[in-house]
Structure formats: C-alpha cells, structure tokens
Amino acid sequence: MFDYLLSASIQWDKVGIVLGLIAGIAVVLAIAILIVTKVCHITEDEKVLKVIEHLAGANCGGCGFSGCEGFAKGLCSGKACLNDCKVTSNEEKAKIAEIAHLEFSAESPTVAVVRCNGGDAAQNKFDYIGNQDCVSEMLFHSGQKVCTTACLGLGSCTKVCPQGAIKVIDKKAVVDPSICTSCGNCIKTCPRVCIERIPATAPVYVACHSHCKGKEVMGQCSNGCIACGLCARNCPQKAIEMVDNLPVIDYTKCTGCKTCVAKCPKHVIKVHGEILSLEKAKEVDKANKKG
Amino acid sequence: MTAFLIIIVAAFINNAVLVQCYGICPFLGVSKKMGNALGMGLAVTLVMAITCLVTFPIYNYVLIPLGIEYLEIIVFIFVIAALVQMLEKVIKKFMPPLYNAMGIYLPLITTNCAVLGVAETVMDTTAMETIFHLAEGSFHVGHAVLYGIFLGLGFTLAICLMAGLREKVDNLEMNKHLKGFTITMATASFMAMAFYVFALVQI
Amino acid sequence: MTVKQFLQSKIFKCIIVLLCIALVSGGLLAILNDLWAVSPEELIQRGIKSVCGDGVNLEKVCDINKDYASTNDGTVQQVLLLDTGDYLVKAQGKHGFQEGNVSCYILFHLEDSVYKVQKVSIADYSSSQTLMSKITDSGLAKFIGLSSEATMKPSEIATGASYSSTAIKNAVNVAIAYMQTMN
Amino acid sequence: MTGQKFKEIAKNGVLVNNPTFRLVLGTCPTLAISSSVFNSLGMGLAVTFILICSNAIISALRKVIPNEVRIPAFILIIATFVTVVRMFLYKYVPALYTSLGVFLPLIVVNCIILGRAESFASKNPVLDSAADGLFTGLGFTLAITLMGLIREVLGAGSILGYKLWDFSIDFFGNTAGAFLVYGLMIAGFNALYEKFENKRKRKNYIEEMQASSLAIQAKENEPASNADVKEA
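Protein chains in written order, with the working numbering: chain A, 254 to 544; chain B, 321 to 523; chain C, 64 to 246; chain D, 73 to 304.
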C-alpha cells in the first residue's frame, strides 16, 4: 500500500502547506478565544449550570418560563417548584432537589378527568347559537345550562390539548386516560372548572361536581348527583365520604370493588378508563340509560 | 450604482430564506414572537457581516494562491465557530441588554445554513461579477460585506414578516394536525410566492 | 499559572484535541485531493463525451483570439479541434434566470466551407437556474444547421423557461459569430 | 449489540423520530434540493454516508474530546467527511456534483448530522452509533426522495428526467411549492403516526388496568388476615 501512495502523483509539498496552514489557523483562533475569554470573564452561578444539566432540556415552556435556563434560575431563586416541569423524570428531579436544596416529593402520575355527566340531560335556560366555544358562551349569562357547574360541551378544552386526549361525546367532554399526559392545559382553559386531576390508576371517579341539594339537582339535570349518600354507606372500605352534598373518594383506601358504581341510582360514579374510544363511549351511555 | 444593485439583489431577489432556502430551521423555530425574531435576525446579520469580512479574503488571497481551494469548508467552519464564540463573550460582557435580546440565539447561528451559505456564494467572484455586471476581478471585500449585511437584513425581513403573520395564524381554528408546522409552512409558501415576483426583475 | 499547570490544564487539553483532529483531517484531505485530482484533460474529454459520445478524442486545444471571444451577451470559453475535423466550442450565455448563466457545448461541422451547428448540449449552469428541466433536446435541435445568427424567439426553444432559453441562444450566437471569423 | 437493540434503533431512525417529518431537522436541503428525484436520491445517499462515518468516528472519540470543545470538534469531523464526499462526487459523478451545487458544502451545517452526533453518537458505542447513522440517513433519504418524486411529477411532469406527460405546474418546481408540499407531508405523516401511537398506548393501558385489577382481586381474597393489621 505504501508504495502505491508514493507512486501516485501526490505533491508532498502541498500536503505540508495544508498542515502548516491548518495548524496556523487553529493556533491563531485558539489564542484569540483565550484572550477574549480572559477579557470578558464574568462569574456564572454554578448552581444554575448544574441544575440545567439534569433538566430534560426540551425548552418546551410548559413550566411557564421561557426555557430550561429560565426554569433553572427560577428554581434556584425559589420562584419555581419542581413539579411544574412535567417532562423531567422523577429520578432527575430527585437529583436536582439535593443540588438546589429544595423539598421534593415524587408524586404518582396523575390523569385529568371531566367531572360532569350532563350533556343533553342538563336542562338549558336558552338555546345558544353563537360561536361554538365554551369561553365565548360564558359571556351569555355564563352559559345556557341551568346547572352552574355543568360542562357546556363546545370543546374549548379539545382545542388546547396537545395530545388530543379529550373529546366531546354527546355534548360533554370525556378524557381518554391512556393518552393524557396531565399537562394541565384543559384544566386552565375550562371556564366551568369541570376538569380535575386524579391518580392514573384510580378505578372509579365521580362524574358530577354540583354542590346543590338533591331536590334542586333533580330540577336541573337528570344525571346529576342528588347527594343521597348510598355510595358512602355501602362502600366496604369506607373510602367514600359525603362532603357538601358530593361524594369524595379517598383513593388510598379504595380497592376498586365498584360496589358504589352499582349502588348509585343516578350512575354518577363511573368506572375510570372505560370510555376508551368514541364508539365505546356511546355504548356505555346507552347501557347507563337502560340500567 | 453597483452598491444599490447589491442591496436589491441580496435583500429581495436572492432572499436568503424565501428564494434560496437557507436558514429554515431558525426561520421556523424562532419566529413565534416578533421580539425573538428581530433579535435572531440582527444576530444573524451581525455574524454574516463579520463572516464575509473574514472568509472572503481568506479564500481569495490565501487559499487560491496556495492552490488548496478544497479546504474551504473546514477553514470557513472553523472561522465561523470561533467568531460566534468570541462574539457571544464580547456581547455578554460589554452589552448585557443586547445579550438578553439576541445573545441566546448566538450558539444557534453556528449551525445556521445561511451563514455558511453566504460565505460560499460570496467567495465565487466570477459568478458575483456576472450578476452585478462588474469588470473582471473587481469584486472586492467591500462588495462582499455589503452583500452579507443585506442578505442578513433580507433574512430579518422574512423572519419578522413571518413572526407578525404567525402571531395571528397560530390561534386560528383548524384541524389539530394542521396546527404548528403545517400552517407555518403554508404561510411561508405564500410569502415565497410574493418574493417570486422579485425574481422576474431584469437587472 | 506556571507552565506545568498550563500543560495539565483544561484549555491546553482542548487545544491539543482540536489541533490533532484538524491536522489529521487536513492531511487526509490533502492526500485524497491528489489521489482524486481531476486533470484538465479529463475535463475536456468529459465534455467531448457528453456531446458526441465516446470514441471521439481531442486533436488540439486551439487558443482563442481575445477580440472575437466575448460580446456583452456571452463569452467563448474553449475551442477544441476534434480528430474528426469538427470544432467543439464551449460558450457561456448571460442573462439567464435570476441573472444566472448557462454554458453549452456547440459542435460545428464544416459543410461547403461554412461551419454549421451540428449539435448543442448543456454543459453546466449556475445554481439559480431552477427551471432547467424544461429545456428539452427537441428545443435544442432547433439550432441545428444554422450558420448565421439565431433569430428565433426564446419561447420556441422551451415554453415557460424563456430566461434560460435566452441564455442558451446567447451562447450559441456568440459561438456562431466566433466560428464565422474562423473560416 | 443485540438484535433487539438493532431493531429498536432501526425503528427509531426511520419511523419514530424520522429526522425530516418527526423532528423537522435538516429542512434546508429538504426544501431546496427535492425538486427532482435524482438530486434527492444523491443528497440522501451523501448524507447517509456522512452520517455513518461521522457517527462512528465521533463515538470512537467521545471519551477523548473534552466537553467544552464538543461542538467545534464534531463540526470539524463532519466537515472532513463532507469534503471527502465532494471530491469523490467531483471525480466520479460530476452530474450530481453540479446539480447539488452549493448545497453539498451546506451538509456540514445540516442539523440532522450534528443533532445525531450530539444526542446519540456522543453517548453510545461505535456500532450502535453507526447503525443509528445508517437508519437516520435512510429515514432522511426516504423522506426527501418521496418529496422529490411528488415535486418532480407535479412540477416538471417527469421522473428522473424521463418525460411522463406535458402537463406541469411550475409552482411545485420552485420554493413556494416546496414549502407547501413539505408542510402537508408533515401533517400527513404525523396524523398516521398518531393513529398507530394511540392504538398502541390504548393496548398498553388496557393491559395495565387488567394487571392492576388482578392485583386488587389478589389483595381482596385474603383481607381477613391483614384487616386487623390495618386497624392497629
């Protein structure tokens, strides 16, 4: 091989020039950079740099800051809390916690859920034919529904969900827990504050959040919770408790036996994660109507 | 007269983004808000001006006499990377408000096609002379820097127009998949159509 | 910062690594450039092959007399005498699309003491010619048999690419004008 | 390098994070060069070759290069391979060299190569990086050739230069058409990808719920033994 190299027409002087030129440029640039760094040396906060390394670095802005660097500065100055960042994994967050001496409790993954089962069942005060958007409908006497906490079903939440996990079925929003990443966009947007976060593995959830008494709810919506308390009395684990005319489920005690789902006369307590696709949602609603 | 010609050709007829397709990544990424877009545009213009000032003499008075033009990619990239790093430090030290406005984009510029693109097109003096009807061998560093500056300003013009349009377009009502990149690309397509008219100008 | 500290320090390590990578790549490129160098003769041979197929090779590279070589529409770049007695002229036409330029090979054949165009083919064109795909061989065939100035309108050569066609027409015209001075 | 990891890299490179449609990287050549199939194929294969070599070398040197000088060192290695490709094309495939024109040196600042070098090659062994370079390059080549096909058939009514029919719309030949076609293809690719992704996520979710409900049943049939433990 070596003699081929020699025999081929290689001007070794040219190769020498090339090496010399590159070495010259490299040295000149290196010295220039050194001089500039010496002249413009400013102290950089060490802690911020270390925190940035552990952050996911996606610069998505989900935490409300302009990017990971802004979020890191916020963390070090105490203006931001670690759970705002949804993207970084829990182990990384633990590492950041000890670097920046913050308290951090690894919360289990949560999923959004719509706490309303109204749709057509909820009576209307008037027929709204304006812009098909919940936020704009709220301008007209805070919506057409008699019940002040009912989901208006015009899909402001579907427009902001990056994953497309929330859909409007039969005029009420439903979250698909398998796709939801609990980013909180829908919670911020819903004008009726119908959407809440529950643990991803929660077996059941309460599909109503009206605090009115039974008789009033009967007049407003045929699917609403009439605060009869049957679910609280029949729960074998005593996980459900009636607070201000609404059942509150303590998911640490709940074992998913679903007796409350069977006992509830108005079918307000639903099985979580059952509505996984458009067609399935329709069957579930029909079954509830007959049952 | 040639100066005026260079300005028109660099900013409009051969616009960096909408005609020659250089620097699309920052054009898509940074044009969400007008402030960012202007900061990025000015940073790119500054780097382009200095790049032309440095790379044009290197190519024509160092590489060609030595007969090693093939090295031009390595030398240009080396010079641009070092320039951007030095620029970032100088601006961070002496002009902090300017650094907050456009400093964060400077590391992005090293991998920006527009900067290397302008270095490549400017070094080819024969092509430049045919475009600007200059006599043989009369294309010098001044023309190159002028071309670099106004190519950068053309880039700034395109990215600011896009930022203005995008602030309106992003909250339009459309299918989820069309949001984000697709609608930006459609807006850019209409802007490119508008700039296509400049190509028919006879210089 | 004594020299010993400097040698161990981070900055020195960075410079050394960058320098080594640069030197290795520079050396590799220099050697490869010489191995793969394209000699000027091969360039001409490539030009000839693209116009009149292989089997024809160069007789002599004629020198160009300057005063006829360039008009304000185009310039003659090369004049080659082939062993078949024909002349192959490489000319460059100006005023292409977005002020680019198109250079073509024009083959001249001697017929009753007048040089007539026998074939025209595109050599290379500046990058701004996006519509070059519209120029077809049937368009270029319109020049065959010409021995004087080509007068047809650019749209006859290729519809929709009038700028590139004017550049090609300029190239052919400057070549024809040059060849007229030859005989 | 187990077969499974190889399959995973392959799926990652071409489908999951396809550089052109999913990560939207390397948009400059995709828009400018894809006006004909010959150009797109040439650019795609050139980028693939450079990706494989630079990924391999960068992952071989990843322990030697200090962290501060990472970007200049990577760019230098990539620039070397681009120059090698340019010399090779000038010598053996001059047609491609002229048609790629100024965009051949611009491969150096192509975001795909630097992106893969930084995110993958600087953290994984040589063979994995080379495989990743190969499949990311293939993903890029497929994407740009598909665009080239659409733009050439619509824009110039020909494939690889052979005339199909005389009907041709100039719009797709120039930059404006490139933007539109690229935007629509991103939307199409993401829509398809999301459909399969949701189906896969739903399947995992159902399995997960079944697994957790089985665990609950297991806990139920022996509550008597630890019920008193809970009260204490």
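Please keep in mind that the hints were generated in silico from the structure rather than gathered at the bench. Just so we're clear, the structure is a prediction, and the values are computed from it rather than from any experiment. Any given hint might turn out to be false.
As the list claims (entries may be wrong) - DMTMM-like cross-link-like pairs, simulated, lysine to aspartate or glutamate; straight-line CA separation at most 25 Å:
{"id": "1", "chain 1": "A", "residue 1": "Lys420", "chain 2": "D", "residue 2": "Glu140"}
{"id": "2", "chain 1": "B", "residue 1": "Lys413", "chain 2": "D", "residue 2": "Glu190"}
{"id": "3", "chain 1": "D", "residue 1": "Lys273", "chain 2": "A", "residue 2": "Asp386"}
{"id": "4", "chain 1": "D", "residue 1": "Lys235", "chain 2": "C", "residue 2": "Glu105"}
{"id": "5", "chain 1": "B", "residue 1": "Lys488", "chain 2": "A", "residue 2": "Asp386"}
{"id": "6", "chain 1": "C", "residue 1": "Lys76", "chain 2": "D", "residue 2": "Glu280"}
{"id": "7", "chain 1": "A", "residue 1": "Lys300", "chain 2": "D", "residue 2": "Glu140"}
{"id": "8", "chain 1": "A", "residue 1": "Lys523", "chain 2": "D", "residue 2": "Glu280"}
{"id": "9", "chain 1": "A", "residue 1": "Lys441", "chain 2": "B", "residue 2": "Asp490"}
{"id": "10", "chain 1": "A", "residue 1": "Lys511", "chain 2": "D", "residue 2": "Glu280"}
{"id": "11", "chain 1": "D", "residue 1": "Lys195", "chain 2": "A", "residue 2": "Glu345"}
{"id": "12", "chain 1": "D", "residue 1": "Lys267", "chain 2": "A", "residue 2": "Asp423"}
{"id": "13", "chain 1": "C", "residue 1": "Lys129", "chain 2": "B", "residue 2": "Glu493"}
{"id": "14", "chain 1": "C", "residue 1": "Lys129", "chain 2": "B", "residue 2": "Glu456"}
{"id": "15", "chain 1": "D", "residue 1": "Lys163", "chain 2": "B", "residue 2": "Glu389"}
{"id": "16", "chain 1": "A", "residue 1": "Lys267", "chain 2": "C", "residue 2": "Asp187"}
{"id": "17", "chain 1": "C", "residue 1": "Lys73", "chain 2": "A", "residue 2": "Glu306"}
{"id": "18", "chain 1": "C", "residue 1": "Lys73", "chain 2": "D", "residue 2": "Glu140"}
{"id": "19", "chain 1": "A", "residue 1": "Lys346", "chain 2": "D", "residue 2": "Glu190"}
{"id": "20", "chain 1": "B", "residue 1": "Lys412", "chain 2": "A", "residue 2": "Glu306"}
{"id": "21", "chain 1": "C", "residue 1": "Lys216", "chain 2": "D", "residue 2": "Asp242"}
{"id": "22", "chain 1": "A", "residue 1": "Lys420", "chain 2": "B", "residue 2": "Glu493"}
{"id": "23", "chain 1": "B", "residue 1": "Lys412", "chain 2": "A", "residue 2": "Glu344"}
{"id": "24", "chain 1": "A", "residue 1": "Lys332", "chain 2": "A", "residue 2": "Glu344"}
{"id": "25", "chain 1": "D", "residue 1": "Lys77", "chain 2": "A", "residue 2": "Glu344"}
{"id": "26", "chain 1": "A", "residue 1": "Lys267", "chain 2": "B", "residue 2": "Glu493"}
{"id": "27", "chain 1": "B", "residue 1": "Lys353", "chain 2": "A", "residue 2": "Glu322"}
{"id": "28", "chain 1": "A", "residue 1": "Lys424", "chain 2": "B", "residue 2": "Glu493"}
{"id": "29", "chain 1": "A", "residue 1": "Lys412", "chain 2": "D", "residue 2": "Glu269"}
{"id": "30", "chain 1": "D", "residue 1": "Lys271", "chain 2": "A", "residue 2": "Asp423"}
{"id": "31", "chain 1": "A", "residue 1": "Lys267", "chain 2": "C", "residue 2": "Glu105"}
{"id": "32", "chain 1": "B", "residue 1": "Lys496", "chain 2": "D", "residue 2": "Asp242"}
{"id": "33", "chain 1": "D", "residue 1": "Lys267", "chain 2": "B", "residue 2": "Glu389"}
{"id": "34", "chain 1": "A", "residue 1": "Lys511", "chain 2": "D", "residue 2": "Glu269"}
Hint-by-hint comparison with the structure:
1. This hinted pair does not check out: Lys420/A and Glu140/D have alpha carbons roughly 48 Å apart, beyond 25 Å.
2. Restraint check for Lys413/B and Glu190/D: not satisfied, since their Cα atoms lie roughly 28 Å apart, outside the 25 Å limit.
3. This hinted pair does not check out: Lys273/D and Asp386/A have alpha carbons roughly 29 Å apart, beyond 25 Å.
4. About 31 Å separates the Cα atoms of Lys235/D and Glu105/C, which puts this hinted pair outside 25 Å; it is violated.
5. About 18 Å separates the Cα atoms of Lys488/B and Asp386/A, which keeps this hinted pair within 25 Å; it holds.
6. Note on Lys76/C and Glu280/D: the hinted pairing is violated, with a Cα-Cα distance of about 51 Å set against a maximum of 25 Å.
7. Taking the CA atoms of Lys300/A and Glu140/D, the gap is about 18 Å. The hint holds against a cut of 25 Å.
8. For the suggested pair Lys523/A and Glu280/D, the alpha carbons sit about 19 Å apart, so the restraint of at most 25 Å is met.
9. Only pairs whose Cα atoms come within 25 Å are accepted, and Lys441/A paired with Asp490/B is accepted, the gap being roughly 19 Å.
10. Between Lys511/A and Glu280/D the CA atoms are separated by roughly 18 Å; this keeps the pair inside 25 Å, and the hint holds.
11. Taking the CA atoms of Lys195/D and Glu345/A, the gap is near 18 Å; set against the 25 Å cutoff, the hint holds.
12. For the suggested pair Lys267/D and Asp423/A, the alpha carbons sit about 22 Å apart, so the restraint of at most 25 Å is met.
13. Between Lys129/C and Glu493/B the CA atoms are separated by roughly 66 Å; this puts the pair beyond 25 Å, and the hint is violated.
14. Taken as a hint, the Lys129/C and Glu456/B pair is honoured in the structure, with Cα atoms around 14 Å apart against an allowance of 25 Å.
15. Restraint check: the Cα-Cα separation between Lys163/D and Glu389/B comes to about 15 Å, which is no more than 25 Å; the hinted pair holds.
16. The straight-line distance between the Cα atoms of Lys267/A and Asp187/C is roughly 29 Å, outside the 25 Å bound, and the hint therefore fails.
17. Of the supplied pair hints, the one linking Lys73/C and Glu306/A holds, its CA atoms being roughly 20 Å apart against a limit of 25 Å.
18. As the CA atoms of Lys73/C and Glu140/D are separated by approximately 9 Å, the hinted pair is consistent with the 25 Å bound.
19. A distance of roughly 23 Å separates the Cα atoms of Lys346/A and Glu190/D; the hinted pair therefore holds under the 25 Å criterion.
20. Using a Cα cut-off of 25 Å, the hinted pair Lys412/B and Glu306/A holds, with the two alpha carbons roughly 21 Å apart.
21. For the proposed pair Lys216/C and Asp242/D, the alpha carbon gap of about 21 Å is at most 25 Å, so the pair holds.
22. Between Lys420/A and Glu493/B, the direct Cα distance comes to roughly 16 Å. Compliance with the 25 Å bound is thereby established for this hinted pair.
23. Distance restraint check for Lys412/B and Glu344/A: the Cα-Cα separation of roughly 34 Å exceeds the 25 Å cut-off, and the hinted pair is therefore not satisfied.
24. A hinted pair counts as satisfied when its Cα atoms are at most 25 Å apart, and Lys332/A with Glu344/A qualifies at roughly 22 Å.
25. Restraint check: the Cα-Cα separation between Lys77/D and Glu344/A comes to about 24 Å, which is no more than 25 Å; the hinted pair holds.
26. For the given pair, Lys267/A sits about 63 Å from Glu493/B by alpha-carbon distance, which is inconsistent with the 25 Å threshold.
27. Proximity of Lys353/B to Glu322/A is assessed by CA-CA distance (about 19 Å); at most 25 Å being required, the pair is judged to hold.
28. Straight-line distance between C-alpha atoms of Lys424/A and Glu493/B comes to about 19 Å, which keeps the hinted pair within the 25 Å bound.
29. For the proposed pair Lys412/A and Glu269/D, the alpha carbon gap of about 20 Å is at most 25 Å, so the pair holds.
30. Taken as a hint, the Lys271/D and Asp423/A pair is honoured in the structure, with Cα atoms around 23 Å apart against an allowance of 25 Å.
31. With a CA separation close to 22 Å, the supplied pair Lys267/A and Glu105/C stays within the 25 Å bound.
32. Between the alpha carbons of Lys496/B and Asp242/D the distance comes to roughly 30 Å, so the proposed pair goes past 25 Å and is violated.
33. Among the hinted pairs, Lys267/D with Glu389/B is inconsistent with the structure: their alpha-carbon atoms are about 51 Å apart, more than 25 Å.
34. At most 25 Å may separate the alpha-carbon atoms for a hinted pair to count; Lys511/A and Glu269/D exceed this at roughly 30 Å.
Violated hints, in rising order: 1, 2, 3, 4, 6, 13, 16, 23, 26, 32, 33, 34; the structure is consistent with all others.
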